[in-house]
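Let's have the full structure, built from the sequences with the hints guiding it.
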Amino acid sequence: MQIQPGVYRHYKGPEYRVFAAAQHSETEEWVVFYQALYGEFGLWVRPLSMFLESVEVDGEQVPRFALVKAEEGLSGHLAGPGE
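So the mapping is simple: the numbering used here equals the position in the sequence shown, first residue as 1, plus 116.
Keep in mind that the hints are not guaranteed to be accurate.
[What the hints assert, rightly or not] Simulated restraints, written as ranges between beta carbons of each label pair:
(1) 175 <-> 151: 29 to 37 Å
(2) 163 <-> 128: 34 to 42 Å
(3) 118 <-> 177: 14 to 22 Å
(4) 173 <-> 139: 25 to 33 Å
(5) 144 <-> 173: 26 to 34 Å
(6) 151 <-> 118: 30 to 38 Å
(7) 145 <-> 123: 21 to 29 Å
[Stated by the list, open to error] Below 16 Å or equal to it, Euclidean Cα-Cα: the simulated EDC-like pairs (lysine to aspartate or glutamate) are:
(8) 128 <-> 172
(9) 185 <-> 131
(10) 128 <-> 176
(11) 128 <-> 174
(12) 128 <-> 169
Keep in mind that the hints were calculated from the coordinates and are not lab data. Quick caveat: nothing in here was measured; it's all calculated off a predicted structure. All residues carry an ideal CB built from backbone N, CA and C; glycine is no exception.
Structural data, given as structure tokens:
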């Protein structure tokens with residue numbers, strides 16, 4: 117499960133910039149490090165598995181976050197654990 121750094125659109129509309137995936141120091145869970153591209157431009161982390169999952173909207177499965185524009189991230193082109 118890997119993630120491409122870049123700009124993503126949340127299924128509710130706002131856009132976010134993904135910088136990298138990182139591993140939690142205690143649990144070793146992979147998380148995504150990203151920033152809101154609106155408001156106060158808050159910084160966030162979310163479990164990678166949750167970031168990549170689909171959610172149900174009006175009875176249809178859609179990605180929670182969809183890639184809008186790929187960019188090179190802090191650690192290269194792809195971040196996260198290999199498949």
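Now for the hints, and whether the structure bears them out:
{"no.": "1", "hint": "175 <-> 151: 29 to 37 Å", "in the structure": "31 Å, holds"}
{"no.": "2", "hint": "163 <-> 128: 34 to 42 Å", "in the structure": "18 Å, violated"}
{"no.": "3", "hint": "118 <-> 177: 14 to 22 Å", "in the structure": "21 Å, holds"}
{"no.": "4", "hint": "173 <-> 139: 25 to 33 Å", "in the structure": "30 Å, holds"}
{"no.": "5", "hint": "144 <-> 173: 26 to 34 Å", "in the structure": "32 Å, holds"}
{"no.": "6", "hint": "151 <-> 118: 30 to 38 Å", "in the structure": "19 Å, violated"}
{"no.": "7", "hint": "145 <-> 123: 21 to 29 Å", "in the structure": "24 Å, holds"}
{"no.": "8", "hint": "128 <-> 172", "in the structure": "12 Å, holds"}
{"no.": "9", "hint": "185 <-> 131", "in the structure": "11 Å, holds"}
{"no.": "10", "hint": "128 <-> 176", "in the structure": "14 Å, holds"}
{"no.": "11", "hint": "128 <-> 174", "in the structure": "12 Å, holds"}
{"no.": "12", "hint": "128 <-> 169", "in the structure": "14 Å, holds"}
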